[in-house]
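Student: Residue numbers (our numbering), protein chains in the order written: chain P, 1 to 328; chain W, 1001 to 1322.
No lab work stands behind these hints: they were computed from the structure.
Take the hints with a grain of salt, since some may be wrong.
[Unchecked claim] Cut-off 30 Å, straight-line C-alpha distance, at most; resulting in silico cross-link-like pairs (DSS-like, lysine-lysine):
1) Lys202/P / Lys1128/W
2) Lys1138/W / Lys1079/W
3) Lys1253/W / Lys1311/W
4) Lys26/P / Lys96/P
5) Lys1122/W / Lys1079/W
6) Lys1265/W / Lys202/P
7) Lys1138/W / Lys1092/W
8) Lys1079/W / Lys1092/W
9) Lys177/P / Lys1265/W
10) Lys124/P / Lys96/P
11) Lys1265/W / Lys43/P
12) Lys202/P / Lys1122/W
13) Lys1074/W / Lys1289/W
14) Lys1253/W / Lys142/P
15) Lys1084/W / Lys1034/W
16) Lys37/P / Lys96/P
17) Lys1311/W / Lys1301/W
18) Lys43/P / Lys142/P
19) Lys314/P / Lys1264/W
20) Lys142/P / Lys1122/W
21) Lys1265/W / Lys314/P
22) Lys1126/W / Lys1084/W
23) Lys142/P / Lys1289/W
24) Lys43/P / Lys1084/W
25) Lys202/P / Lys1084/W
In this text the structure is predicted, and so the values were computed from the model without any measurement.
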Amino acid sequence: MSNLLSIKNLRVRFRTKSPFQAIIKKIEDPFIDAVRKVSLEIKQGETFTLVGESGSGKSTLALATAGLLNAEEGQIKFMNEDVTTMTSSQIMAYRKKISYIWQDSIGSLSPRMSVGSLITEAYKIHNLKDRDLKMEANRLLKLVGLPAQISERYPHQLSGGQARRVGVARAISLDPKLIIADEPTAGLDVSVQGEILNLLNKLRDDLGVSLFVITHNLNIVRHISDKTAVMYLGRFVEQGQTDDIFANPRHPYTLALLSANLTPYPEVSFENRIELTGEVPSLMDRPNGCEFHTRCPFSSEHCDDEFPPIHTFKSQQILTCHYPLNSN
Amino acid sequence: MSNNILRIRDLSVNYLTNRGILKALRHVNLDIPKGSIVGVVGESGCGKSTLITSIIRQLDANADIPNGLIEFEKQDLLKLSKDKMRNISGTKISTVFQNPMSTLNPVISIGRQMIDIQYRDKASKKIKKQRSIDMLTKVGIPDPDIQLNQYPHELSGGMQQRVSIAMALQGGPSLLIADEPTTALDATLEVQILKLLKELQEEFGCSILFISHHLGVIAELCDHVVVMYAGQVVEQGSTHEIFNNPAHPYTVKLLECDPASISKKQRLLPTIPGEIPDLINLSGGCIFKNRCDQSIDRCDKDSPILNEFGKDHFVSCHLTES
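All chains should be modelled from the sequences, with the hints used to inform the complete structure.
Tutor: Structure follows, in structure tokens:
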């Protein structure tokens, strides 16, 4: 199958000092790279998950993919059209095919609009006048498993799980090809979390959309995704098929993330746990060599002065490390 | 038994709302043995936060405690005067909250805040400062003497949480209440903070009441577990018993729902259908009956009470009664 979305060497940067301040303070490069040289591919009907700690650039990458942030370099191709060079009218058409489920579900809903008008807002924005808004609202509510009466309610009257479902209804209103879900289960109880993930999976099967899920909850990744990428300081340190990454993590950071994942088994001993010391370094002051070497329990020579090579294993597991784990 | 640092008996808390009386906690019993870590687990709306705020007497103005006893060091906290309570909270009972950024004052430096909270002590400022530095070293903050001059926003989330743990432990509490202290942190930091809490607990010998909705965290850290649902304790016992031998249908389902406990990849994740009952219009019978798939006729009529199910294991369910 052809790629729905393919990103090549994407770089997104933010300014840290105004041009004037930069001259006065003699800062040559007043930028930080939030996303650096990232490449990925998502096929039709596939779920891609992005994991990483806060500040690793997950949301920045997603925003750039949705055309909400400008890329500094690189290419974002969606159905063979380059998003980075689109004109504003083309972007408008592009946004019909790609939609976003925001992390803060209640915060992303306007408190003054009823649920019914919130989920049909996209039709007004895109000037689709031929739709019967009331019928559309009922159809969408049914798809996400909410009762029709809820369309009269306002966001503050919704529970966390319901607000999340309204967010999903908004996202599928224009029949998108790709849905970006930023932390779709953050802040939900475990019993509700399953409901939202089952809903996303069902929509993927029924409507054939692709999903781009951002999360830091590794427990759910295993059950919902086909491909996974692990992000650290704006780079992908490891990516590949989800099953391969969970069965055989080859980058020390992936292994550390997996072992930091607490399970409800009090008897499991954690003698083999890879514990990371310290915290994520600042993007303004990236470490030399391998950017993970400051926290890596396996770091040895070359790690602190040479950028690691990119390894590709037969199952399309790609990673950047001097000494990949389990490589024999 | 005088081995318990905190003893809660038959505690009920009501909130007076426009719609009527909301029964947030109903007949809660809880013991915290000396030097142990007790975990309270439950979903949102189960009364975890009401429980803590009633221990530290910080309940909202519309709250009312119709009955109950919270015994801490042989005195009933509910009967203490405001002044006496003020002397206990912050020194003998201290709290680490969920969000460190809103615990710490953003416009006062870390050092000044750490010195300020020692206001009860008559020692000189120099000694207080040295104590703060020692405390920050203990919680694993590098260069504590430099960090003292920094403001909360200059520290990362993990460091802020370490500072608030340091501040909580500074008074040498015998009970530390931790209200979801790792929820706002990343997984790798969460492990670090849990390890730190465990080490500090052993060093200071205090008891910890640990609140979380994350089953994995509770399993990792706690000695005893209390499972709460809609304002009631449905099951309590040792961590080993609760996680390996859960008896209440709610605990069983909650454990099943955690994706971490499903080792095989599966597309359809288990859920608990239904919603938490409305705590204003409570019908009689078992609180979990609407969502329970094993409910029997008796569940509609009598509400079950906590019964001994095994060694150090109590369950409130008709099905487990012999």
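Student: What are the numbers of the hints that this structure violates, sorted from low to high?
Tutor: 1, 2, 4, 12, 13, 20, 24, 25
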